[in-house]
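Turn these sequences into a full structure, and let the hints guide you.
Number of protein chains: 2
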Amino acid sequence: MGVTVAIDCMGGDHGPVVTVPAALAFLRSHPDARAVLVGREEALAPLVSQVASEFGDRLRVRAASEIVEMDEPPANAMRNKKDSSMRVAIDLVKTGEASAAVSAGNTGALMAISRFVLKMLPGIDRPAIATILPTLKGRTYVLDLGANVDCSAEHLLQFGVMGAMLVAAVEHLDRPSVGLLNIGEEEIKGNEVVKQAGELLRASGLNFYGNVEGDDIYKGTTDVVVCDGFVGNVALKTSEGLAQMLATFLRQEFSRNWLTKLMAIVAMPALKGFKFRVDHRRYNGASLLGLRGVVVKSHGSADAYAFEQAIARAAEAAGNRLIERITERMSAMNEVAA
Amino acid sequence: MGVTVAIDCMGGDHGPVVTVPAALAFLRSHPDARAVLVGREEALAPLVSQVASEFGDRLRVRAASEIVEMDEPPANAMRNKKDSSMRVAIDLVKTGEASAAVSAGNTGALMAISRFVLKMLPGIDRPAIATILPTLKGRTYVLDLGANVDCSAEHLLQFGVMGAMLVAAVEHLDRPSVGLLNIGEEEIKGNEVVKQAGELLRASGLNFYGNVEGDDIYKGTTDVVVCDGFVGNVALKTSEGLAQMLATFLRQEFSRNWLTKLMAIVAMPALKGFKFRVDHRRYNGASLLGLRGVVVKSHGSADAYAFEQAIARAAEAAGNRLIERITERMSAMNEVAA
Chain U
47 MGVTVAIDCM GGDHGPVVTV PAALAFLRSH PDARAVLVGR EEALAPLVSQ
97 VASEFGDRLR VRAASEIVEM DEPPANAMRN KKDSSMRVAI DLVKTGEASA
147 AVSAGNTGAL MAISRFVLKM LPGIDRPAIA TILPTLKGRT YVLDLGANVD
197 CSAEHLLQFG VMGAMLVAAV EHLDRPSVGL LNIGEEEIKG NEVVKQAGEL
247 LRASGLNFYG NVEGDDIYKG TTDVVVCDGF VGNVALKTSE GLAQMLATFL
297 RQEFSRNWLT KLMAIVAMPA LKGFKFRVDH RRYNGASLLG LRGVVVKSHG
347 SADAYAFEQA IARAAEAAGN RLIERITERM SAMNEVAA
Chain P
47 MGVTVAIDCM GGDHGPVVTV PAALAFLRSH PDARAVLVGR EEALAPLVSQ
97 VASEFGDRLR VRAASEIVEM DEPPANAMRN KKDSSMRVAI DLVKTGEASA
147 AVSAGNTGAL MAISRFVLKM LPGIDRPAIA TILPTLKGRT YVLDLGANVD
197 CSAEHLLQFG VMGAMLVAAV EHLDRPSVGL LNIGEEEIKG NEVVKQAGEL
247 LRASGLNFYG NVEGDDIYKG TTDVVVCDGF VGNVALKTSE GLAQMLATFL
297 RQEFSRNWLT KLMAIVAMPA LKGFKFRVDH RRYNGASLLG LRGVVVKSHG
347 SADAYAFEQA IARAAEAAGN RLIERITERM SAMNEVAA
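These protein sequences, in sequence, are chains U and P.
Each residue of the first sequence is one higher than the one before, counting from 47 in the numbering used here.
Each residue of the second sequence is one higher than the one before, counting from 47 in the numbering used here.
It cannot be assumed that every hint is accurate.
If several chains are the same, the list does not tell them apart, and a pair holds so long as it fits within one copy or across any two.
Listed below are the simulated BS3-like cross-link pairs for lysine-lysine, each with C-alpha atoms no more than 30 Å apart in a straight line [stated by the list, open to error]:
1. LYS165 - LYS128
2. LYS183 - LYS321
3. LYS241 - LYS318
4. LYS318 - LYS183
5. LYS265 - LYS307
6. LYS265 - LYS183
7. LYS307 - LYS183
8. LYS265 - LYS241
9. LYS140 - LYS165
10. LYS165 - LYS307
11. LYS307 - LYS321
12. LYS241 - LYS140
13. LYS183 - LYS140
14. LYS307 - LYS318
15. LYS241 - LYS183
16. LYS265 - LYS318
17. LYS128 - LYS140
18. LYS265 - LYS321
Because the hints were derived from the structure by calculation, they are not lab data.
Nothing here was measured: the structure is a model prediction, and the numbers come from that model.
As structure tokens, then:
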């Protein structure tokens, strides 16, 4: 039997008009899977009733009366909104009614609620967020992109284990390679924490490649790139800024005058091919790792296509035993250490 | 009278075939300026003799018998190569024969030798490297990109002062805005050091904008972006990797078949306009800041056009009293604090 994904249908910038069509598309392309749509019944029922016969019991609605706002303080969402669509979706993972939860809502609230409801896996101190980036060779998983600043070497080691197990589960790689993000100067290889983390990773039994630099992310040098949440956030946001600037410059050059506009029309097929290859929607769906359950965060502005990718990613991770893989790896590592 | 720039002609991947033509182009476009070409006489003399009459005493050669290798340990270059072109160029700044030095050589060695020969400015603990990046609005100066890992809040404050004074000198801005690179999560605004640095910058009298995120670099939100050397290195290298990946994808899409190759030919003018706007050669020339003298580091692979930009940048900084500006600002700040 396939996996059941609990979908927070009210989260994100668009809510049900995006999340429900995405869920239906996911069910169509995954005939073994099931989905539980969580949210306000009056918003979901009309969208679902039309397709009830198509999916039968593979598609269910679970009512949740509240919504976590995008700018709401996480502590507030956690304490005061026990019937929010986000909370109920995660509760379904906790009770085992669903194998994974997906939300495009408030990241901080999703992290706080997931941690509170699901608890951490043994041996993992903090949850991490792993995102997928396109590379010259395919794709790379980078973590942490969450809120883990001031990390210790042990935290970075745990990120390495979780990232490797994520890639093993969703990309079906036996021994994903793990790189530690560092700086290039030969004389001074990183700060103290990173140096220690390198030693821990080398002794971890993981397929540790060694240090990588910022440009290795997009070269695709390793399957996993490990860094603390501060550095990861800067790397990701800097990339977003650069990509936006380059896209703007390209657009401006092609819309300078009627001649360049004509050039754009002629070159459209090649430009479209380019656009597809770097389409961030294909990489949507960041994994919250270290929890006793699969939780995937979609970008808040995701459209239906992008949100569908996040649901599929959650189903893939749950169907391929992500949580068990992390647990086994951590316990094997701790046995060696003991 | 204009400034005199000491040019390490032997450094970089190409040596005199790039550095000498760049120096001559610089002298042609800066009729007030002078240049001292430093390096092996037998390599420089033939290139200079042809143009001696054109420049008169604006162009001189200073012999230096040794060369610092690109992969040489900095400590070795500093101790054992006292007659290297790099060392002699910096010595000329020390003695006042030149107002600035430029090198495309080994970064670590340039940093170590500059620090040893020129010494630090009062109140500055560590030298920093500031680079220029293109933005949607123009350009932004980012520092540190050197080897300053494990920075304190005071170091970040000093970077802010030095970056602002650099922009004041070379971009002729009265009160350049300074941003502190941080992460976006509302709940957890950065690590402890960055939080403290924010407080120091707020009280510094600089035009402090507040926190910026990675994407603000390329948005051009502030004139200066301050971060520690680890984060800065990752941001810069990640940008290089992304830009290379995007360029590769674009090239691949346009060379897929004869039809897309034709598209590329048609679109060439627009693609060239795009290429010019992001041409990193225009931004060549990173400033080594905090020293008692102007030192500019060119990219090792720079061509003559790129190296000329680095020379011009050094001349601009020296001609606009960069060192005095930093000294005055630091002493004003310390008087307030005292």
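Practice task
Could you tell me which of the hints above the structure violates, numbers in ascending order?
Solution key: Violated: hints 3, 10, 12, 13.
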